[in-house]
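*Asks:* The lines below spell out each chain.
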Amino acid sequence: AQRVTQPEKLLSVFKGAPVELKCNYSYSGSPELFWYVQYSRQRLQLLLRHISRESIKGFTADLNKGETSFHLKKPFAQEEDSAMYYCAYPTYCSGTYKYIFGTGTRLKVLA
Amino acid sequence: SAVISQKPSRDICQRGTSLTIQCQVDSQVTMMFWYRQQPGQSLTLIATANQGSEATYESGFVIDKFPISRPNLTFSTLTVSNMSPEDSSIYLCSVGAATPSEQYFGPGTRLTVT
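Residue numbers (our numbering), protein chains in the order written: chain X, 1 to 111; chain W, 1001 to 1114.
These are calculated hints, taken from the structure and not from any lab test. Don't take each hint at face value.
Straight-line Cα separation of at most 20 Å, SDA-like style, residue types lysine to any residue; simulated pairs [claimed, not checked]:
1. X:K73 to X:R53
2. X:K108 to W:Q1041
3. X:K22 to W:S1042
4. W:K1007 to X:Q42
5. X:K9 to W:I1090
Here are some of the chain X residues that sit facing chain W, going by a computed Cβ distance under 8 Å [what the hints assert, rightly or not]:
6. Y86
7. I100
8. T103
We put the beta carbon where it would ideally sit given N, CA and C, even for glycine.
Starting from the given sequences, assemble the full structure and let the hints guide the process.
*Replies:* Shown next, in the form of structure tokens:
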């Protein structure tokens, strides 16, 4: 079955340290993968999508087909990066895309 | 983009009762989705609500427990029936897109069952 796996429930790093949030996928064909973020007391929102190859808030994510991974990285973590991060992929149904989410990783950036 | 509101934002209910959560979108959308976000856990899709037809439920969720209405293209309700403490969760309404670009989420309804 198609799914994404986030092996870490909690990741704690110190401010200024590099961050890598892991996501592995099991997907046939060419996957389209996304990272969503939920800051405290805010709604879930899109962070970035692999197809655009963009950097948002200093975060990047590269699709590695050999390792079937889509890890989220940032070279220097900031306290405001503390949030819940979800890896997700879209499934298509009757003209609309809906998303299946990984289990999420809570990132805590310590001062 | 779509702006989504939910009512109530939170509630505390006794076991055995039912709660209906409302979701309003500022534009017409084909499909609306209901998710559950349990404490410390992932988002789990409960069902997909298509206007004018029965909702489609994911494995582990049934209509008797989570009846859904979709009376028009901008509104949906999810009812959590015969609640137990295990139903304590955040319930999220969401709308999809015609392209795999972005899914928009409501602010959520935090439900506590005592």
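*Asks:* Going through the earlier hints one by one, which of them does the structure break, listed in rising order?
*Replies:* The structure breaks none of the hints.
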